Every structure is written in C-alpha cells, then in structure tokens.
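> Chain by chain, the residues:
Number of protein chains: 2
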Amino acid sequence: MATIKDIANAAGVSLATVSRVINNGPKVGDKTRERVKKIMVEMGYRPNANARALVTQKSASLGVVLAELLDPFFATLAHGIETVTRRHNVQILMSAGSIEKKTELKAIETLLEHRVEAMVVHSKALDDDTLIEFARQVPGFVLINRYIPEISNRCVWLDNVAGGRLMAEHMIRSGHKNIAVISSRYQIVDPIQRIDGIRQAFEEAGLSLPESSIEYATPDQEGGEKAIQNLLAKSIPFTGVLAYNDAMASGAMSMLQDHHIDIPGKVSIIGYDDVLLAKYCRPKLTTLRYPVEMMAAKAAELALQYASGQPPEDGVTFKYTPTIVKRESVLTI
Amino acid sequence: MATIKDIANAAGVSLATVSRVINNGPKVGDKTRERVKKIMVEMGYRPNANARALVTQKSASLGVVLAELLDPFFATLAHGIETVTRRHNVQILMSAGSIEKKTELKAIETLLEHRVEAMVVHSKALDDDTLIEFARQVPGFVLINRYIPEISNRCVWLDNVAGGRLMAEHMIRSGHKNIAVISSRYQIVDPIQRIDGIRQAFEEAGLSLPESSIEYATPDQEGGEKAIQNLLAKSIPFTGVLAYNDAMASGAMSMLQDHHIDIPGKVSIIGYDDVLLAKYCRPKLTTLRYPVEMMAAKAAELALQYASGQPPEDGVTFKYTPTIVKRESVLTI
DNA sequence: TTGTATGCGTTATCAC
DNA sequence: GTGATAACGCATACAA
Chain A
1 MATIKDIANA AGVSLATVSR VINNGPKVGD KTRERVKKIM VEMGYRPNAN
51 ARALVTQKSA SLGVVLAELL DPFFATLAHG IETVTRRHNV QILMSAGSIE
101 KKTELKAIET LLEHRVEAMV VHSKALDDDT LIEFARQVPG FVLINRYIPE
151 ISNRCVWLDN VAGGRLMAEH MIRSGHKNIA VISSRYQIVD PIQRIDGIRQ
201 AFEEAGLSLP ESSIEYATPD QEGGEKAIQN LLAKSIPFTG VLAYNDAMAS
251 GAMSMLQDHH IDIPGKVSII GYDDVLLAKY CRPKLTTLRY PVEMMAAKAA
301 ELALQYASGQ PPEDGVTFKY TPTIVKRESV LTI
Chain B
1 MATIKDIANA AGVSLATVSR VINNGPKVGD KTRERVKKIM VEMGYRPNAN
51 ARALVTQKSA SLGVVLAELL DPFFATLAHG IETVTRRHNV QILMSAGSIE
101 KKTELKAIET LLEHRVEAMV VHSKALDDDT LIEFARQVPG FVLINRYIPE
151 ISNRCVWLDN VAGGRLMAEH MIRSGHKNIA VISSRYQIVD PIQRIDGIRQ
201 AFEEAGLSLP ESSIEYATPD QEGGEKAIQN LLAKSIPFTG VLAYNDAMAS
251 GAMSMLQDHH IDIPGKVSII GYDDVLLAKY CRPKLTTLRY PVEMMAAKAA
301 ELALQYASGQ PPEDGVTFKY TPTIVKRESV LTI
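Chains as they are written, first to last, in our numbering: chain A, 1 to 333; chain B, 1 to 333.
Treat the hints as calculated values from the structure; they're not laboratory data. Some hints here could point you the wrong way.
Keeping only pairs whose Cα atoms sit at most 16 Å apart, straight-line, the calculated EDC-like set for lysine to aspartate or glutamate is [to be verified]:
1. B:K279 to A:D258
2. B:K58 to A:E113
3. B:K279 to A:D220
4. B:K38 to B:D6
5. A:K279 to B:E222
6. A:K58 to B:E211
7. A:K279 to B:E113
8. B:K284 to A:E203
9. B:K279 to A:E113
10. A:K284 to B:D258
11. A:K177 to A:D159
12. B:K284 to A:D258
13. A:K319 to A:E293
14. A:K279 to B:D6
15. A:K284 to B:E222
Note that this is a predicted model, so its numbers are computed, not measured.
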C-alpha cells in the first residue's frame, strides 16, 4: 500500500509537504497542493491509522465492552453508541465480555492495548476497585448500567430500585395480591435491586414476598419458560407475574399460553426494558421503558468528552429512571 | 503509560531483551526473564497495539461492515463473527453502513486505514466493480450475503431464489391460491431474487402473481403493518402471505389480529430468517431458516484464512440454502 | 545470552 | 512555501 513517502517521490516534493496537504495544513502552494492530491488518488493512498495514532498519541476510536451482541438489549445499546461515534468520525472497537470476570477483564485490556481514547464499558462481573482503577488510568472511561459512588461522574445508569417499585406498584394497584417474580439467575446487582424495589412496594402495601414466589433462570425467553414451569410445578397461586425483562416475560407468556392460561384473563404480567418484542407479542406487553439507546448515546458522548479533556462540570450525575408503558398484559381486578 | 523502554531502564537491560520476553522469544536467561516480567506487571505495562501493527505490518483485527446493529438479523451476524474472532484472539472493528453507497464506502475505507488484515463486509449498496477492486487490494476481504461471480471464493451467501421457491411451494402445497407478497422496499438484490423464486413456483403451479398482490415497505415490523394495511385497503383477496422476513411477518400478523382476522384460520403467513421472534410470536411463525450465525462464522474464518495467506483450495464455494421450519402460521386447506 | 541499530508511516519542529 | 529530521513504541537482523 502506498505510503506518504511514495507520494512524495512521485510528486517530487518532500514528506512534509504531502503531510500538510493530507491534514489541510496551511502553508502549501495551490498548484503543489493540487498536484499532490491528484497523485494521492491515482496511487490510492490511504493514511495509516496506526502510524498516525502512534505519533499523535490519539486513536480516534472508542472501545465498547458489552455482554452479548445477540441480546436485543445490547444491540440497542450498541446502536446508541454508533449514532454518536458516526457523528464524531470515530471508529468502534468492540469486545464482548459475556458477564465473566476473566473475559471482561481481557476485553478491557485488549482495548487498552489499542490505546482507545474513550471507552464505554458494560461490566457486571468486575468489582468496583478494578473499575475505579481503570477509570483512573483512562480519562475517557465511562461505565454504562452501573453505578459506583467513587466515580459517579463516569456512570450512566438506571435506577433499578425505582423500576422494581414501579412495576410492583402498578401490579398491586391493579388489584393483584398473589404476585410471583421471575428473575435473572445471574447474581449481579440489577436483579437484586429490582427485587429490592419490589419488596419495598410490597411492604408498603402490607404484602409479603416469600422466596418461594421468586424463580431464578437465565434472563432470556427460555429462562422465562422454565421459571413459569417451576412456578406452576410448585403450585404457587399467582395472578400476577413481574418479569426481569421482556424476553423472560415473553417466554413466560408463551408457556402460559401453551397451558391454556389466558393472559391477562387469568394471569397478568409486566416486563422490563421495552424492547421491540414487547410491542409485538400478543397480548402486547405492559412493561417498563428502559431508555437504553438514549443512555448509550449519552455514555459515548461523555466518554468522548472526557477523552478530549473537556469533562462536564463537577457534581453532575447521569441517573435515568424507568417509566411504565401500559399495554395489554395487565388486567385490573 | 509505561513503554518497553521504561521497563528496560528499570530492569537494567536493553530494549531487545524486554521485547523478547514479551514475545516469549527464545534466547533469554531464566532469571532475567523473571525479573523483567515482574517489573512489567509492577509498572502495569501494556504493549502498544498501534506500534506493534506498524512494525509487524499486521493488526490482529478484523473489520466488520454491516447495515444496522438494531436489526436482530445483524446482531446474530455480528455474534457469529464474534465467536470466531474471540477464539483467534482478534479484535473486532465495527462500522455500520446503513445500506447507503456513501456510508458503506466510508465504512470500508476507515477499516482499511486501520489496516485490518481481514474484513467481513455486508454490502448491498456498492456495485460489483467497487467490491471486486477491494477484494483485489485486501487479501482478507470477504463478502457476506452477496454473490459476485468474479470473486465467488470470497462470497458467503444464501440462495435466495431457492428460498423464494421454497416458501411459495409450501404455501401452494397447503392449498392456497390467493397469495400476497409483502416485500422490502429497498431495491437490493435479495427481495428481487426471492420474488423471482416465488414467481417460478407460481408458474409451475399454474398460478400468476400480479404486481398488485405485492406490497413494498420497510423490512421491519412497522413495514409489515403498513404492507398489510395497503393490501386490505386495496381489497385484494388473499388467504396466504409470503413475507420478506420475520419482522415484516410479525408486523403483518399484529395488524391482521388487530383487524380480528384469525391466523392461520383466515390467513396463513410464512416468514423468512427464523430469528427468535418467529418462535415467540403467536401463533408461532412458519418460516425459512437462514443460518446467519453459521454463515457469519464461516465468513470470519475465511477472512482470517485468506489474510494469513492460507486460502482454501480453488474452486470452493460457500452457498447456503434455506430450509423450511414448519410451525403454526400456515393452515392446510 | 544480551545489546545495538534500523525502520515501520506519520506528525511536528525546526530551519531555509 | 518547502524541506530535512527527530520522535512515537516496538520488532528484529546483526553484533558482541
């Protein structure tokens, strides 16, 4: 591949001049500039991003660490980031971390080796200290969907406790008393906080939430099916189900319908995330809107700001709150 | 950030020695090796991937160009690629190209500037010649979901004509005669080929497919809704619908159900892709299995092979064929 | 076994 | 306006 040197030779000028026309440098004669440009396209010149990154000490690229591309939730997240990197002419370096300590660490470190200047990280497996240390090292390090007090200005997160409360309150206000919960089996902070919120709402309503009414499974449709099966198997009586996310809710609905249990006639159900699925399953799913895309865009924006040395004013915080989206899966009794 | 030089100074050895221990080079004394290693972790040394790429002329990264991360189809594709890059310890550089000539071109060129050695490209907007030229320039250039005869050994693609035939044949064999088609409004090759296949099956069955029975819309759920609305508005009689993809099928089902038209009682429908959606909508969608993930993995594998100078034997080709997945959305009449 | 020197493709700082 | 030239961080051929 042609280098700047080849161009210089071909054009009969020096490296420096070529470099200037590439970067629209100021002091170049109009005719030399044209000539060099012409030769560049002729020879199919393409600047070498690696060399450039090496000398300028910046990479014009943003690293992304997320758990699992297959999950529509993460796909949405990635999309949110993509909208801003595109606007800023920044490349995305993507690493998947599958919610395992080792893999997440590896993902971040690889990105660091590439000297990305900004980084949006979705980490659930790594502990606070490790992440704080990374934040210290990398100016453009931003966490998404996680809150760590020590680096609160680097966190873009959702208030999951509020979310849990919200869904429980809606179910209770709709007249339900026997309410089951299907949650994620991954003992990360999200499901725990959501259940905390649910518990708060239950207590205020004078209800209790026994452990037997909570089923844990993988946070996908299959997990939703399994969780409902277990609930049915245990003969737990319930007219309401609070799901960890829309995928689980959809799996649960699917399974209930296979058992000819009408939704919302016999059982009401509330999801979480408001991914596309929620709108297109039958009955349409009542759920919590999780503004992932907006949050992801914010996180990318933020990472780029920090990287360029223009951090937002001190004391700002990036907490988002879910809202309820009422559709058809909850019956008022 | 600490460089190889810092380590050398701290350890009292030369650059070369440090470089050797980093790359597990052969001729290093055991105790110096240990000492250097220790210092490296102490100082938190991280090799600079840019510098390394510059000198070795290889980047250990694979570029990916796809249309739209939000689409579950592409998310699956990305996931397929990710499984193999992870195994090969290769970074993913991701660019979205949104089916526009300019954007797709830009995406590829940015990747090229980063000197990725391998590249999996999903391009629908660029013309054959442009892509052939790229393939000539980049050894590890592989196309996915597109077939160009001149570079057939760089194409991993699905036989869309066969797919179209297959879905039409199944619908016809189930006794349907009035069959409508909802297709993608993007005039890329895929929808055209699928309709070609459908036409072939129709002709063989002595049926015809008037243009009025085909509706074009965006290839998503919303498009599916609109397409069905138009069909209903035009009072086209149909008992069967062939959809461009599962998303459109799902939108169509949704809209039909809103009009209290029973599926498959009144209208049968067949999708395309077999994304998760198909399994979880109600009724479960009969559709064509599109082995995207497998194909994406193959494409990544292939790109890496070509890049490392070990191309598969000549004359091989990577055509995949869709198969039908019978579920609940088709009624035999 | 270890060290020295050179170059990868750029940008940037000087001179001219 | 233009041209040498020194970095950037690393790998490697060649010396020692």
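> Look at each hint and say if it fits the structure.
Hint by hint, here is what the structure shows:
Under the criterion of a C-alpha separation no larger than 16 Å, the hint pairing K279 of chain B with D258 of chain A is consistent with the structure, at around 13 Å. At roughly 15 Å between alpha-carbon atoms, K58 of chain B and E113 of chain A fall within 16 Å of each other, so this suggested pair holds. This hinted pair checks out: K279 of chain B and D220 of chain A have alpha carbons roughly 13 Å apart, not beyond 16 Å. A C-alpha spacing of about 13 Å is found between K38 of chain B and D6 of chain B, which places the hinted pair at or below 16 Å, so the restraint holds.
Restraint check for K279 of chain A and E222 of chain B: the C-alpha separation of about 11 Å stays at or below 16 Å, so the hint holds. For a cut-off of 16 Å, the pair hint linking K58 of chain A to E211 of chain B is broken: about 55 Å separates their Cα positions. Restraint check for K279 of chain A and E113 of chain B: the C-alpha separation of about 41 Å exceeds 16 Å, so the hint is violated. For the hint linking K284 of chain B to E203 of chain A, the alpha-carbon distance of about 39 Å lies beyond 16 Å, and the restraint is violated.
At most 16 Å may separate the alpha-carbon atoms for a hinted pair to count; K279 of chain B and E113 of chain A exceed this at roughly 41 Å. This hinted pair checks out: K284 of chain A and D258 of chain B have alpha carbons roughly 11 Å apart, not beyond 16 Å. For the hint linking K177 of chain A to D159 of chain A, the alpha-carbon distance of about 25 Å lies beyond 16 Å, and the restraint is violated. In summary, the hint linking K284 of chain B to D258 of chain A is supported, as the alpha carbons are separated by about 11 Å, within the 16 Å threshold.
Distance restraint check for K319 of chain A and E293 of chain A: the Cα-Cα separation of roughly 14 Å lies within the 16 Å cut-off, and the hinted pair is therefore satisfied. Between the alpha carbons of K279 of chain A and D6 of chain B the distance comes to roughly 57 Å, so the proposed pair goes past 16 Å and is violated. Restraint check: the Cα-Cα separation between K284 of chain A and E222 of chain B comes to about 15 Å, which is no more than 16 Å; the hinted pair holds.
Going down the numbered hints, you'll see the structure goes against 6, 7, 8, 9, 11, 14, while the others check out.
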